[in-house]
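Required output: the full structure, derived from the provided sequences and hints.
Those sequence lines, one after another, are chains A and B. full-length UniProt numbering applies: residue 1 is where the first sequence begins, and numbers increase by one. full-length UniProt numbering applies: residue 1 is where the second sequence begins, and numbers increase by one.
Hints are computed from structural coordinates only; laboratory data are not their basis.
Examples of chain A residues toward chain B, derived with CB under 7 angstroms:
id : residue
1  : 10
2  : 221
3  : 242
4  : 282
5  : 320
6  : 376
Just so it is clear, the structure is predicted and the values come from calculations on it, not from any experiment. Where a beta carbon is used, it is the ideal one built from N, C-alpha and C, also for glycine.
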Amino acid sequence: MTQDPGFGIYIHWPFCAAKCPYCDFNSHVRHQAIDQERFARAFATELAHFASQTRGREVTSIFFGGGTPSLMKPQTVEAILGSVAKNWTLSDTVEISMEANPSSVEAERFRGYRAAGVNRVSLGVQALNDEELRFLGRLHDVDTALRAIEMARETFPRLSFDLIYARPGQSPEAWRAELERAIALAADHLSLYQLTIEHDTPFFKLHEAGKLVVPDPDAAADLYEVTLSTCEAHGMPAYEISNHAAPGAECQHNLVYWRYGDYVGVGPGAHGRLTGGNGKRATATELYPETWLQKVEAQGHGMIEDQVLTMEEQGDEYLIMGLRLAEGVDLARYERLSGRRLDPRRLADLVSHGMVERMDGTRVRATRDGFFVLDAVVADLAA
Amino acid sequence: MTTQKLDHIRNFSIVAHIDHGKSTLADRLIQSTGTVAAREMKEQVLDSMDIERERGITIKAQTVRLIYNAKDGKQYFLNLIDTPGHVDFAYEVSRSLAACEGSLLVVDASQGVEAQTLANVYQALDNDHEIVPVLNKIDLPAAEPDRIKQQIEDVIGLDASDAVMISAKTGLGIEDVLEAIVHRLPPPEGDPDATLKAMLVDSWYDAYLGVMVLVRIIDGSLKKGQRIRMMRTGAVYDVDRVGVMTPKLLVKEELLPGEIGVFTASIKEVADTRVGDTITDDRKPCAQALPGFKPAQPVVFCGLFPVDAADFEDLRSAMGKLRLNDASFSFEMETSAALGFGFRCGFLGLLHLEIIQERLEREFDLDLIATAPSVVYEMSLTDGTEIELHNPADMPDVVKIEEIREPWIRATVMTPDEYLGAILKLCQDRRGIQVDLSYVGSRAMVVYDLPLNEVVFDFYDRLKSVSKGYASFDYHLTDYRAGDLVRMSILVNDEPVDALSVLVHRSQAERRGRAMCEKLKELIPRHMFKIPIQAAIGAKVIARETLSALRKDVTAKCYGGDATRKRKLLDKQKEGKKRMRQFGKVEIPQEAFIQALKMED
Ligand SMILES: Nc1nc2c(ncn2[C@@H]2O[C@H](COP(=O)(O)OP(=O)(O)OP(=O)(O)O)[C@@H](O)[C@H]2O)c(=O)[nH]1
Ligand code: SF4
Ligand SMILES: [Mg+2]
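Written as structure tokens, this is what we have:
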């Protein structure tokens, strides 16, 4: 049951209204107006550059990520989607997702995005509790979030939203209640992330100073258990470590990553993976928005990294990504990519510890228990 | 043929307790005689190994030739040997002393006489050295030169009235040191017309020049092209080049009596160069060889195994090269069920072990596993045979053992008296027997007999910590004494790990077992399952800890932009795993085998 992973286009909008204290994404705050037309032209240029290297591929998904793409004007979105359509054929069922922040939602703009072709929205709700939203440095409150959800549901065929758990002092009971409330809001997809303390963020400094205490691994495991069981009970099992969907409602674009398919990444700090004659290429573009613009205008693209991955690297990436999925990885494909077999002894050990299971001999996947310690499982298999 | 005084030469070693400033004094002597150009000068220039510079200690003795124009208008050739201060490298000191007629005894004027000061003085006296006391660090506000002079007289019995007062750091008094070397140390003697007789003091491997041999010429001369013979090993070589160290090699025509210099001779066999051997002319050998050096006596043994079995041959050749450089470490092949082929190696102490392991890893790019260190035990078996046990894993069945004897040492500890109580307790806890306790001013000197296996792994660290760094310590082996010793095995996840088994005194078994289990619990990373860690004597478990299972270890977010970063993290994890060894289903980090023996008390 090896699915075609599809072919996706990722578009990075690198600006936010304010920087959240836990965030280590490539997002920047600008106090002057952003010249969106100029950015749209640069996106078009970079898309054309990648298109020349991926002729004949059919696009199955497009994803606007950020930053806060819902700060884009509908015209900008429309222009970019136009460029995509000019360069590639789009599949009949193409999924076009966009990340949006509740604070920047306006009905007018939502309708504009929809008209431009966006058919799925992913809202950064993060919490359903005002106090914790403030702690997370979010610009919206619960009411605003609920209105945004309502509006999104009216406008788009598909809706997902994000929540962050394992916040300081969060009890399993409180999390279960919050999660049940979220599920009742009738999204077909939920991304539920454990709060992680990333380097070079304000939260990191607070954490170092002992002023921010997050749940230890044992408590975090309890919260993850609540996450899995609550979503399972409501018919939204984890199809990936942190992503839950009703069957059929999985995010096609993110599946491209996890199934280790090909994707083009355009915009500041975007990554891509493109299969060519001698294996997969890893591309990455300039992070800093204005520098990226200049690079694109001067040379037709903003790439600062473009390297062919070794077989070992491809094998590793396939495991890192693929084992995050409930469907697991295909052994034959792993062998093709990496040029080696998974060590049967390590595999057998992991199976005996109940971390991994073999499915019909052609695939392996992490078990539910394995999901809790997946990084260790991957390290074992890749070693 | 007559022996003459070689009045233009002085050979001397700089000896002192660790950190009293030997290498810094060497710097100043090198500098003020213009031996090294100012722009090439750096601090502790003779500490040339990375590992010496990083740790700020001298590991290997270094020789340098200085030319000094003295106040009497004459020019002198001075051969300086800077020696290490740490007790584990005492063998370097003893060889250096044998090549010289005198010593500069450096004493830190703020700290005074320490255990190693004493040990070095005794060694220098054994070598009939003239000793010039040098009080260093007089620039420090805490320096008390008068009190320390008195202490030198009281404790060592050396006349300190003419001690040279210096600051090696600021350069104060360096001229006086040079004058004292020339006027107070005796010149060497030798016969230039006799046949060659030279002492092999040291050897090392140079990447460009191959094997280099440091010699002290006793009689005759050593020239390029000369065919020489090593009297003990019988090896014969043609000399390629001779020279002196400045500290770079300065090629010379010949080396004459009284000189300390080096030669190369395309030496291939590491075993051919043995420190202490006598080198002579092959055609006209001298009648009598020099007495040679007492061989170094390794006191700690451990197995060293390559992490990757394919590196075994590389490890063998690396050991050969390092052994050439360091005659005090020994090795022989060993096999282990869990670790494959490796070597059982002997060292002068735990620091020595760590340094050798680190040098093998760095200089030869090897990844190694060291098994739990052990001292050497003697055993009488019931069938009348006597054996030496270097590896606890080889211990015979208890019913076949009549008696086990363990090595004992005599340890001298010097300490400010406020720490005396804690130190006596430490020695007592380690089965020590007090031999002597005396005072010099407010400093106490305690002498204890202790079993080596209670001392060798962590005694020095513990001593430093209970005395806030103020106590110093020296020891020498005395004898073997019968003891109620048992083998304690360590079981990780219910499987015995041979590389962790140790011999312990029955009275200490429980404490050591508990400490080892606790330590291992910290050292072994959490696995996906819980891991019992047990210490056992025979079938009886005497201590137990449980390392709980890893409960959560998964990256929350991982999308297209994260693959590269995650892959790089995975690379690091894979590197880390390479430094672990699999025992059953458990991966044990490489450093655990040594660290597990260090107790926190
Ligand atoms: N203030 C002061 N510090 C000094 C003086 N001489 C040496 N030191 C410092 O003392 C420390 C030890 O100096 P070294 O010369 O490395 O001592 P050592 O005796 O060679 O040490 P080992 O070789 O490890 O036994 C260094 O930090 C020196 O800078 C001095 O005259 N005055
Ligand atoms: S809105 Fe999203 S991208 Fe922007 S700062 Fe907050 S978390 Fe980061
Ligand atoms: Mg030194």
